[in-house]
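Protein chains: 2
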Amino acid sequence: MKTIAVILSGCGYLDGAEIRESVGALWALSQHDVEVKIFAPDAPQVVVMNHYTHKATGETRNILAEAARIARGKIEPLSHLSDLDYDALIMPGGFGVAKNLCTFAAEGASGSILYKELQNDITGMHSDGRPIGAICIAPALIGLALKGKKLELTLGADGAEAEEMRKLGHTHFVTKPNEIHVDEKNKVVTTPAYMYDGAPIHEVFEGIKKLVDEVIRMIG
Amino acid sequence: MKTIAVILSGCGYLDGAEIRESVGALWALSQHDVEVKIFAPDAPQVVVMNHYTHKATGETRNILAEAARIARGKIEPLSHLSDLDYDALIMPGGFGVAKNLCTFAAEGASGSILYKELQNDITGMHSDGRPIGAICIAPALIGLALKGKKLELTLGADGAEAEEMRKLGHTHFVTKPNEIHVDEKNKVVTTPAYMYDGAPIHEVFEGIKKLVDEVIRMIG
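The listed protein sequences derive, respectively, from chains G and V.
Position 194, counted from 1, in the first sequence is what our numbering calls 194; the numbers after and before it change by one each time, with no gaps.
For our numbering, count along the second sequence from 1 and bump the result up by 220.
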């Protein structure tokens, strides 16, 4: 049976993994005969946001413990990812990706991946030809990790984030929430999801299901 | 356009709303031409659980602010629910329902609803013939609120929770995660979801979609 690694960055779109995108990815994966293993860093979040007031709370929360809310406890520290012989990687979005996993939110194209094992894993997957699916802002992290690899990817509309990707040598494609972009050569599949803030959730899920189906097709 | 109220009890199955069930309900509702309004109590959670270690953390968290993570900020305090002219109510499960919204987790059939406006709203809906959809453990709250009304409902397998419902004069029906039970007379629709701990998420979503479709059909 094929094994798919899913990486979460917390629990909540303003300071962690986008919850609906994470659940959508697990729902789409559940429809395939694959094993799913979920990972998150055992480290503090960069910030904790009150999602009602949209203000920082000053609290400290652990990324792994918060992501475990989505994973219903079935989750492992990101440091275990390198030990796993997995066939594909799926990464939902949320500000957690751009703050807790890399420095894209603060530094754009000059940013870097915060966990060396994650950088090494993505570099290794790319050279092995194993597929990666990235949702919402997660393609920006993949773009940072694989700078100069001339990826094709989507971050939804052609905004500031797309411009940062071009600085890294990648090509940006405009898509809608229910669409994906497939980079067949680099085996990178992307969908914009909540890069469109008010997107209907069933359209976001349609895009995520297409992404998951395509990633699993690419494993072969 | 019909308006559906969704009540959340936090964000995480051990101390709040079950995240996947909440997202599943919003996904299923998004496929209908209805307006969705999300509510949660502006009050502290009864407990905060670390979902990785399964231990209480001793922290304090606000139910509304945590539920806002699932709602992406588009949420109102439960006290506003009574001001809304809504056509149906959907309640996802999670321990938050049985701890933050009522005392079922601690007191079973002797328990009560913790928010008077919620008790009044459910009583009012039932006498008006407006439908209620309750997922996972949420049927137990509806059972408490409508004790003696001889509801038909499901909490999955016939366990201790079902026995508590019988003490209140209700009838329990065994169902699987992808099934619903329809009480046509009382207009109460229920599905067990993660009452089956290891249920595949796409089966849980199948049950929730059937529940939402049936509730909207009942509005007429």
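By construction, these hints were calculated from the structure, which means they are not laboratory data.
All residues carry an ideal CB built from backbone N, CA and C; glycine is no exception.
Some hints here could point you the wrong way.
Below, a list of computed lysine-lysine pairs in the DSS-like style, where the Cα atoms sit at most 25 Å apart [claimed, not checked]:
| hint | chain 1 | residue 1 | chain 2 | residue 2 |
| --- | --- | --- | --- | --- |
| 1 | G | K210 | V | K429 |
| 2 | G | K2 | G | K37 |
| 3 | G | K209 | V | K429 |
| 4 | G | K210 | G | K185 |
| 5 | G | K167 | G | K209 |
| 6 | V | K369 | V | K405 |
| 7 | V | K257 | G | K55 |
| 8 | V | K387 | V | K405 |
| 9 | V | K387 | V | K429 |
| 10 | G | K150 | G | K55 |
| 11 | V | K369 | V | K336 |
| 12 | G | K167 | G | K150 |
| 13 | G | K2 | G | K167 |
| 14 | V | K370 | V | K396 |
| 15 | G | K185 | G | K2 |
| 16 | G | K74 | V | K396 |
| 17 | G | K209 | V | K367 |
| 18 | V | K430 | G | K210 |
| 19 | V | K387 | G | K37 |
| 20 | V | K370 | V | K430 |
| 21 | G | K149 | G | K210 |
| 22 | V | K222 | V | K275 |
| 23 | G | K74 | V | K370 |
| 24 | G | K74 | G | K55 |
| 25 | V | K367 | V | K405 |
| 26 | V | K336 | G | K176 |
| 27 | V | K294 | V | K275 |
| 28 | G | K37 | G | K74 |
| 29 | V | K430 | V | K369 |
| 30 | G | K55 | V | K429 |
Quick partial rundown of chain V residues pointing at chain G, CB under 8 Å, derived from the structure [claimed, not checked]:
| hint | residue |
| --- | --- |
| 31 | W247 |
| 32 | V267 |
| 33 | H271 |
| 34 | A377 |
Counterexamples of contact, computed for chain G against chain V with all Cβ distances above 10 Å [stated by the list, open to error]:
| hint | residue |
| --- | --- |
| 35 | M1 |
| 36 | A56 |
| 37 | N62 |
| 38 | E66 |
| 39 | R72 |
| 40 | D83 |
Do the hints match the structure? See the list:
1. G:K210 to V:K429: Between G:K210 and V:K429 the Cα gap is close to 20 Å, so the pair holds against 25 Å.
2. G:K2 to G:K37: 11 Å, holds
3. G:K209 to V:K429: 17 Å, holds
4. G:K210 to G:K185: 18 Å, holds
5. G:K167 to G:K209: This hinted pair is violated, its Cα atoms lying about 30 Å apart.
6. V:K369 to V:K405: Holds. V:K369 to V:K405 sits at ~10 Å (cutoff 25 Å).
7. V:K257 to G:K55: Measuring from Cα to Cα gives roughly 22 Å; hence the hint holds.
8. V:K387 to V:K405: 20 Å, holds
9. V:K387 to V:K429: With a Cα-Cα distance of about 30 Å, the restraint between V:K387 and V:K429 is violated, given a limit of 25 Å.
10. G:K150 to G:K55: 37 Å, violated
11. V:K369 to V:K336: Status holds; Cα separation ~18 Å.
12. G:K167 to G:K150: At roughly 11 Å apart (the allowed maximum being 25 Å), G:K150 and G:K167 satisfy the hint.
13. G:K2 to G:K167: Since the Cα atoms of G:K2 and G:K167 sit roughly 35 Å apart, the hinted pair is violated (cutoff 25 Å).
14. V:K370 to V:K396: Cα-Cα ~22 Å, so holds.
15. G:K185 to G:K2: Holds, because 21 Å separates the two Cα atoms, which is no more than 25 Å.
16. G:K74 to V:K396: The given pair, whose Cα atoms are some 22 Å apart, holds under the 25 Å limit.
17. G:K209 to V:K367: 42 Å, violated
18. V:K430 to G:K210: 23 Å, holds
19. V:K387 to G:K37: With Cα atoms ~41 Å apart, V:K387 and G:K37 exceed 25 Å; violated.
20. V:K370 to V:K430: 23 Å, holds
21. G:K149 to G:K210: 24 Å, holds
22. V:K222 to V:K275: 41 Å, violated
23. G:K74 to V:K370: Answer violated: G:K74 to V:K370 is near 38 Å, above 25 Å.
24. G:K74 to G:K55: With Cα atoms ~30 Å apart, G:K74 and G:K55 exceed 25 Å; violated.
25. V:K367 to V:K405: 15 Å, holds
26. V:K336 to G:K176: 44 Å, violated
27. V:K294 to V:K275: Violated, at roughly 30 Å.
28. G:K37 to G:K74: Holds - the C-alpha atoms of G:K74 and G:K37 are around 8 Å apart, at most 25 Å.
29. V:K430 to V:K369: 24 Å, holds
30. G:K55 to V:K429: Outside the cut-off at roughly 34 Å; violated.
31. W247: 5 Å, holds
32. V267: Since chain G brings no Cβ nearer than about 14 Å to V:V267, farther than 8 Å, the hint is violated.
33. H271: Holds, about 4 Å.
34. A377: 18 Å, violated
35. M1: For G:M1, whose nearest Cβ neighbour in chain V is about 14 Å away, the distance exceeds 10 Å, so it holds.
36. A56: 12 Å, holds
37. N62: 8 Å, violated
38. E66: Answer for G:E66: violated, closest chain V Cβ roughly 8 Å.
39. R72: Given that some Cβ of chain V is not farther than 10 Å from that of G:R72, nearest at about 6 Å, it is violated.
40. D83: Non-interface label on G:D83 holds, nearest chain V Cβ at 18 Å vs cutoff 10 Å.
In terms of the numbered hints stated before, the structure departs from hints 5, 9, 10, 13, 17, 19, 22, 23, 24, 26, 27, 30, 32, 34, 37, 38 and 39, listed from lowest to highest.
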